[in-house]
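One line per chain: the protein sequences are A, B and C, in this order.
In terms of the numbering used here, the first sequence opens at residue 643 and continues consecutively.
In terms of the numbering used here, the second sequence opens at residue 375 and continues consecutively.
In terms of the numbering used here, the third sequence opens at residue 16 and continues consecutively.
What follows is a list of derived Cβ distance ranges for each label pair:
no. : chain 1 : residue 1 : chain 2 : residue 2 : range
1   : B       : 415       : C       : 225       : 30 to 38 Å
2   : A       : 828       : B       : 432       : 48 to 56 Å
3   : B       : 426       : A       : 655       : 27 to 35 Å
4   : C       : 32        : B       : 558       : 32 to 40 Å
5   : A       : 729       : B       : 491       : 23 to 31 Å
6   : C       : 20        : B       : 377       : 51 to 59 Å
7   : B       : 432       : A       : 724       : 20 to 28 Å
8   : B       : 558       : C       : 217       : 37 to 45 Å
9   : B       : 491       : C       : 128       : 22 to 30 Å
Facing chain B, a subset of chain C residues (Cβ under 10 Å, in silico):
no. : residue
10  : 79
11  : 82
12  : 85
13  : 92
14  : 180
15  : 194
16  : 204
17  : 213
18  : 214
Rather than coming from a laboratory, the hints here were simulated on the basis of the structure.
Beta carbons are placed, not taken as given, at the ideal position from N, Cα and C, and that holds for glycine.
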Amino acid sequence: MEPILTIKDLTKSFGTHRVLDGVDLDVHAGDVVSLIGASGSGKTTLLRCVDLLEQFDAGEIRLDGELMGYRSDGGRRMRLSGRELARQRSRMGMVFQSYNLFPHLTALRNVMLGLTKVRRLPAAEAREIAEHWLDRVGLANRQDYYPSAISGGQQQRVAIARALAMEPRLLLLDEVTSALDPELVQEVLLTIRRLAEAGTTMLIVTHEMRFARQVSTRTVFMDQGAIVEEGDPAIILGEPRSRRLKEFLSSMAN
Amino acid sequence: MGYALDFAAVLRGLDQLLWGLALGLMMGLAGLAAGSAIGIAGALAHVFGPPPARALVRLYVGLIRNVPILVLALFAYFALPQYGIRFSNITTFAAVLAVYAGAYLTESFRAAMITVPQGILDAGRSIGLTGSGIALWIVLPIALRNALPSVGNNFISLFKDTSIAAVIAVPELTFQARKINNESFRVIEVWLTASFLYVGTCALIAVALRRLEARFPRF
Amino acid sequence: MQSFLDVLALSSAALLHGVAITVAVSAIAVAAGLVLGAAFGLVLTYGGTVMAFPVRVIVDVVRGTPVLVLILACFYMPAGIGLSPGPLTAGALALSVFCASHVGETLRGALLAIPLAQTDAAGSIGLTFAQTLGYVLVPQAIRQIAPNLVNTAVEIVKASSLLSAIGVGELLLTTQEIIGRSFKTMEFYALAGGLYLAINLLIATGGSWLERRYRLR
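Given only the sequences and the hints, what does the whole structure look like? Please build it.
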């Protein structure tokens with residue numbers, strides 16, 4: 643079966659610092675891939691490259707076989723136009739560490755915006771879809787609240803609903819519980835677990851090792867911009883082979 | 375010394391002073407409305423436009439903010455008619471006020487636009503909005519609200535600037551005060567009254583603005 | 016009919032004189048405004064209710080009154096008590112008070128924005144209040160308000176054009192006199208605008224040079 647997402651030899655530098663150093667990764671339909679590693683290892687940058695929020699220097703990303711972000715023009719690599727990039731981005735969903743809800747819109751309107759302005763659905767239909775997804779994340783009773791009036795955990799669940807309402811081929815989650823107060827983490831993790839059980843394809847950057855082990859079908863450990871180990875979560879997290887993964891896991895345990 | 379305060383002459387002219395005040399408020403409101411339209415367009419062009427548009431906005435703002443409004447008003451009222459552009463003194467001054475306020479409001483709206491957090495813009499891009507979609511549906515509504523205090527302060531300045539219309543004989547408050555001054559020589563009473571009316575109106579506007587701001591959530 | 020350049024050649028001395036008056040009266044107003052404004056700011060912040068109240072009234076009244084009304088008031092009102100200052104004196108006074116009120120309010124804001132811990136720290140190493148003010152608070156406040164002062168100076172130069180309304184022979188009145196003789200309305204108002212622009216750009220450039228020189232940013 644063809645993978646949904648194919649990343650080949652992805653390379654990116656900030657100045658002289660190489661943040662991504664030849665990353666290869668495939669994600670198949672129904673995969674839940676957890677991406678772990680110390681801060682600065684390149685996980686978030688990888689996710690932002692996949693969502694086309696960052697440019698990259700070499701390598702390629704394909705979604706359902708389509709080359710993402712760039713086209714080849716007589717052998718020269720050209721960034722796509724803003725309109726093309728927007729179209730490609732709309733096929734993936736991203737959830738951010740700091741929620742990034744639109745502060746001037748209610749929860750419902752946050753979810754509806756992409757439906758009405760990107761997919762150009764009629765307002766009534768967009769509203770129905772948005773209500774459905776807010777219900778799925780357990781926030782039907784908060785749909786008319788502004789982001790500033792609900793908790794961080796609720797905001798993050800609205801953000802998840804906002805991404806899912808666009809029916810993305812792939813959901814990208816970037817440390818979605820890191821900015822939350824400890825008592826709000828579980829509600830968000832539970833929401834993601836339900837999505838995993840429903841077969842949503844996800845690429846998850848996380849610091850929650852237990853969650854990674856329980857929810858993901860595959861775990862990928864990154865260090866210094868490269869993938870060091872990957873495989874079954876129980877094996878990666880339970881029987882690490884490389885010294886760097888061992889060090890990382892023991893630092894997380896403390 | 376030995377000056378006995380006598381407000382009789384001022385009170386006889388109070389009608390004119392108050393009508394003058396109303397005229398000033400109306401010119402200020404017209405200037406604010408048209409100036410806001412200019413300011414929003416200018417800020418959008420500066421933040422989202424191509425380099426030439428940005429340069430043009432910079433030129434406009436730099437030019438207008440460094441030239442006295444009285445020079446602009448005299449230019450518009452006396453020089454432009456030679457080229458067939460002729461309006462009444464009230465219309466001319468309101469238009470000058472709009473162009474003048476537009477430069478300051480461009481800066482107000484621009485500041486509110488560039489302080490929209492990058493993460494919010496990323497979220498907009500992530501759901502597939504194009505640059506113009508982000509400008510229209512995310513940056514603009516947030517900036518309109520967050521620029522409100524600055525726009526309010528601009529309105530107070532603008533209202534005070536309407537006094538300058540007296541120089542081209544617009545019968546607003548300052549013009550009427552000077553007329554009473556010249557006719558009655560009640561030099562202390564008339565300027566105390568004029569100042570009181572301006573200060574009081576500015577204070578009332580400030581209170582109203584604070585109420586207005588409290589009614590909308592800040593983002 | 017004379018050409019613009021002919022008129023300009025004939026009137027250049029008058030124009031330069033007008034520019035000189037504009038610059039001089041603005042400089043006086045800014046200098047006097049800084050001194051008086053510093054006093055206003057200190058009294059407003061540390062003066063206590065009784066001392067601060069009259070200053071508060073002055074500052075609020077001046078800031079709520081249009082500059083043109085301040086100028087006309089300073090020009091006409093003294094006659095009521097038998098004084099007759101010339102237009103230049105009245106105008107300089109009005110602009111100074113205007114400048115002082117803005118500086119005073121800005122300084123107060125800057126002083127209040129300095130964390131109280133700074134005062135505590137200064138006290139704990141044994142500085143008196145005056146020393147704390149001079150060595151700790153005012154230097155930080157100046158750093159804060161420096162860009163604001165440049166703006167105020169530009170506003171004063173622009174406001175000085177209003178002195179033409181009471182007959183001070185500054186740049187704008189000189190321009191109007193030249194236009195009255197030559198009817199080169201468009202050209203000379205544009206020239207006056209250009210000269211104001213040049214003066215203000217010089218102030219802005221000088222201001223940012225000073226800020227860099229003293230590492231205020």
